[in-house]
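Heads up: the sequence lines are chains X and C, in that order.
Taking our numbering, the leading residue of the first sequence gets 397, the next gets one more, and so forth.
Taking our numbering, the leading residue of the second sequence gets 24, the next gets one more, and so forth.
Please note that a few of the clues may not be correct.
Stated by the list, open to error - Here are the simulated lysine-lysine pairs, BS3-like style, with alpha carbons at most 27 Å apart:
hint, chain 1, residue 1, chain 2, residue 2
1, C, Lys280, X, Lys553
2, C, Lys194, C, Lys156
3, C, Lys458, X, Lys448
Worth flagging that the hints you see were computed from the coordinates, not collected in a lab.
Values in this document were obtained by computation on a predicted structure and should not be read as measured data.
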Amino acid sequence: MTRYLLQRIGFMLITLFIIVTATFFLMQLLPGTPFTNPEKLTDSQLTILNAKYGLDQPVAMQYIQYIGNLLQGDLGYSFQHEGRTVTSMISGRIGPSAFIGLQALVIGAIMGLLLGIVSALKHNSILDYGSVTLAVLGMSIPSFVFAALLQYYVGVKLGWLPVALWEGYSSTLLPSIALSVTVTATVARFIRSEMLEVIGQDYIITARAKGLKENQVMVKHVIRNALIPVVTMLGPLAVSIMTGTLVIEKIFAVPGLGEQFTLSILVLDYSVIMGITIFYSALFIFVVFVVDIIYSLLDPRINYKGGAA
Amino acid sequence: MWRDRKTQIFMVMIAFVLFLAGCNFNSSDSSNEESGGSEEDAGQVLNISTTADIPTLDSTKAHDGIAFTVLNNVNEGLYRQDENHEPIEALVTEHTENEDKTVHTFTLRDSNWTNGEPVTAQDFEYAWKRVMKDASPYSFMFVTAGIKNAEAIMNEEMDAEELGVKAIDEKTLEVTLEAANPLFQSLMTFPTFLPQNQKFVEEQGDQYALEAENILFNGPFTLVDWTHDQGWKYEKNEDYWDADTVKLDAINAYVVKDPAAGINLYETNKVDRIVLSSEAVDQNKDDENFETILEPEVFFLRFNHNHPVLGNENIRKAVNMAIDKESLTEVILKDGSTALNGVVPKGFFKSPAGEDFRDLNGDFNTGTVEEAQKLWEQGLKETGVTDVTVSINIADSEDHKKVAEYIQAQLKDNLPGFNLDIKAVPFAQRLEIEKAIEYDLSLSSWGPDYSDPMTYLDMWLEGGSANRMDYSNEKIQELVASARTETDLEKRYQMLLDIEKVLLEEDAAIAPLYQGGTAVLMRSKIKNLLVHPTGASFSYKWVTIEE
Numbered sequence: 397m398t399r400y401l402l403q404r405i406g407f408m409l410i411t412l413f414i415i416v417t418a419t420f421f422l423m424q425l426l427p428g429t430p431f432t433n434p435e436k437l438t439d440s441q442l443t444i445l446n447a448k449y450g451l452d453q454p455v456a457m458q459y460i461q462y463i464g465n466l467l468q469g470d471l472g473y474s475f476q477h478e479g480r481t482v483t484s485m486i487s488g489r490i491g492p493s494a495f496i497g498l499q500a501l502v503i504g505a506i507m508g509l510l511l512g513i514v515s516a517l518k519h520n521s522i523l524d525y526g527s528v529t530l531a532v533l534g535m536s537i538p539s540f541v542f543a544a545l546l547q548y549y550v551g552v553k554l555g556w557l558p559v560a561l562w563e564g565y566s567s568t569l570l571p572s573i574a575l576s577v578t579v580t581a582t583v584a585r586f587i588r589s590e591m592l593e594v595i596g597q598d599y600i601i602t603a604r605a606k607g608l609k610e611n612q613v614m615v616k617h618v619i620r621n622a623l624i625p626v627v628t629m630l631g632p633l634a635v636s637i638m639t640g641t642l643v644i645e646k647i648f649a650v651p652g653l654g655e656q657f658t659l660s661i662l663v664l665d666y667s668v669i670m671g672i673t674i675f676y677s678a679l680f681i682f683v684v685f686v687v688d689i690i691y692s693l694l695d696p697r698i699n700y701k702g703g704a705a
Numbered sequence: 024m025w026r027d028r029k030t031q032i033f034m035v036m037i038a039f040v041l042f043l044a045g046c047n048f049n050s051s052d053s054s055n056e057e058s059g060g061s062e063e064d065a066g067q068v069l070n071i072s073t074t075a076d077i078p079t080l081d082s083t084k085a086h087d088g089i090a091f092t093v094l095n096n097v098n099e100g101l102y103r104q105d106e107n108h109e110p111i112e113a114l115v116t117e118h119t120e121n122e123d124k125t126v127h128t129f130t131l132r133d134s135n136w137t138n139g140e141p142v143t144a145q146d147f148e149y150a151w152k153r154v155m156k157d158a159s160p161y162s163f164m165f166v167t168a169g170i171k172n173a174e175a176i177m178n179e180e181m182d183a184e185e186l187g188v189k190a191i192d193e194k195t196l197e198v199t200l201e202a203a204n205p206l207f208q209s210l211m212t213f214p215t216f217l218p219q220n221q222k223f224v225e226e227q228g229d230q231y232a233l234e235a236e237n238i239l240f241n242g243p244f245t246l247v248d249w250t251h252d253q254g255w256k257y258e259k260n261e262d263y264w265d266a267d268t269v270k271l272d273a274i275n276a277y278v279v280k281d282p283a284a285g286i287n288l289y290e291t292n293k294v295d296r297i298v299l300s301s302e303a304v305d306q307n308k309d310d311e312n313f314e315t316i317l318e319p320e321v322f323f324l325r326f327n328h329n330h331p332v333l334g335n336e337n338i339r340k341a342v343n344m345a346i347d348k349e350s351l352t353e354v355i356l357k358d359g360s361t362a363l364n365g366v367v368p369k370g371f372f373k374s375p376a377g378e379d380f381r382d383l384n385g386d387f388n389t390g391t392v393e394e395a396q397k398l399w400e401q402g403l404k405e406t407g408v409t410d411v412t413v414s415i416n417i418a419d420s421e422d423h424k425k426v427a428e429y430i431q432a433q434l435k436d437n438l439p440g441f442n443l444d445i446k447a448v449p450f451a452q453r454l455e456i457e458k459a460i461e462y463d464l465s466l467s468s469w470g471p472d473y474s475d476p477m478t479y480l481d482m483w484l485e486g487g488s489a490n491r492m493d494y495s496n497e498k499i500q501e502l503v504a505s506a507r508t509e510t511d512l513e514k515r516y517q518m519l520l521d522i523e524k525v526l527l528e529e530d531a532a533i534a535p536l537y538q539g540g541t542a543v544l545m546r547s548k549i550k551n552l553l554v555h556p557t558g559a560s561f562s563y564k565w566v567t568i569e570e
């Protein structure tokens, strides 16, 4: 197991290195400069600024320098926000993104599980059709449409929850609910089809033949086995929801990271683009790793001895 | 076993959630509760929305309207803009100049920073040299102001210490100019010229101005709470020298990027003023609090003057006339923009006698489609072609595309044989293509750097960095040069009017399209909120709330 883990960590670092390298060079292909106020910059000013930030050097040199700083944990300074470090920008913004993301994940997972289990248990009933319809709607309507509807009806018309802004727990609810719709739908559909498949397996017949109560069969055998693919999907879903909440963050004026990422690309803030890319990739790689570990906890058939033990 | 593990994972997640819950929103909680609905007992409180965080609060490095607005309201420089955007004395009590108007001496009033230290002439000298030392984004303002050696310092031929500014004593500041500059005082309202307390700046080091507590104030308000990307709060500065004039107790600024969310916040009374997107204008234009505000940004077509056909003056005039600009702003854009038939926008720049620049110079190159066609025929004859296919260089934004498609249709319909291809590229690339003059037509815009028509006129100098179309006219060279040093304001204004005439009447060098506008909803209880065309966008000093 230890050897397997070390191997995995090695691969994770290599992956990250490749991502950093590719992003760095691709980014250089974008036209323009990272400096503010490009419309008014004169050529001589541009030369001075390039020299000041080391952008006059060959790209390969810049790359070596960047990797050197990165190894010391230095992500550099933002071009747009004079004097602010990229690290402080990420750490200041990841909290809200992660919070509404995780909350959406929890709401979505619980709702999805309930819907999925109910429709699998009551297969081909009205309840089943109802939840399948809900799931299809949830998958196909983009979350920002829900967001706009929630904001208008719950926020403005009913006045139950804050319309937008980031002021205390109540303002996290609407963005989380809007985000959770996709999760609910995805999880419900997965659970339903997996459970239906598991119910048809031989070991379920065995469990019933052993004389287990129906409840026990469902909880211990059917649901547990149906959860495995859900975990696979939940990992990447968690990352995409924690990071890819750009539109929701914008609609509810949440000071999150997704919004900052797009902005930094638009204004070519080199160091911020790199910083957030590294952060996202590391997060993604880590979550995939964690999902693999959780697998082995859920399913005893999977083990990672790597054939060496 | 499995159950236990699952519980463990669940507990870890819960712990993480609780940890996050503790970390972010507490800071703004307390300050915002009071601002919400209880306007009656909260006194004079203004709630505004803004589209982005403050990039930096360091006045020597600030480069955008949001930072300029904050700095303008928490600091005080030599002069401040009044309701006509004219300079009025702020820290200055007395101003004298030498005979050729190149040496200006300012006497400063007694006033304090929020840490109790006096604001001195050294604070100005220090801050100004700091701008030049760091090659800050707005260091070119010192060249525009004509301050001695600024240009040489910018080109790294001289040290920043040589800048023409000197503190004679604590309360006397002497500024030396390269030549007399009629715009000098007006430019001094710009936030780049604000003072800084050297001791404090050096104490703070690289933390300076990163947070509200790392900066000193000497203006009408102080910044008491700045939560990055969420908003900030101003409170009245009781130590401000003119505190009696300031009626507002507090201002809450919220960062709201989505225009639809802005409307919802406005409807729930969370904010008092919002900017509407063009989609929202139709729905709200009958609201009693709806208004459109003219903006000083101008939109126009650049022509490549080296192009065999577009280089012809009659062709350019025909293009100018063939586009119906009123329909463009009223049917296509609908965002408060207005048609423009000059390069200097309407409503911001008055002559010494008080007349608007646009009214004085009138409209250029307007005419019927028939007149346009006549010029077009003539131009084709002169260039020896029967039709022309050119492309237009635009940024790939919604607005640019809408405008380009409209122009494409107008030119095709009104000028037989004119084919226009649209080339949409990212904003930064549009600019590079323009600077390299690798286009036929380019959809451009220009915002003013300071409150004077010259900011739209000296860009057409031969070889200037904003010319970008290889255009040149000897008359413009001469007029700009004389206007820069002419201290008789009447004469100078006539020169400015003449520059525009040469540019448009004689040469039709560009095709002006429209002047930007903003559609806003603002509660009528807000009075005296000043909106400025350059530098800081707003002044809150004189705002009152009348219930």
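Straight-line alpha-carbon gap Lys280 (chain C) to Lys553 (chain X), limit 27 Å: Roughly 21 Å between the alpha carbons, so the hint for Lys280 (chain C) and Lys553 (chain X) holds.
Pair hint outcome, Lys458 (chain C) versus Lys448 (chain X) [Cα-Cα no greater than 27 Å]: Given pair Lys458 (chain C), Lys448 (chain X) holds - Cα atoms ~22 Å apart, limit 27 Å.
Straight-line alpha-carbon gap Lys194 (chain C) to Lys156 (chain C), limit 27 Å: 24 Å, holds
Checked against the numbered hints given earlier, this structure breaks none of them.
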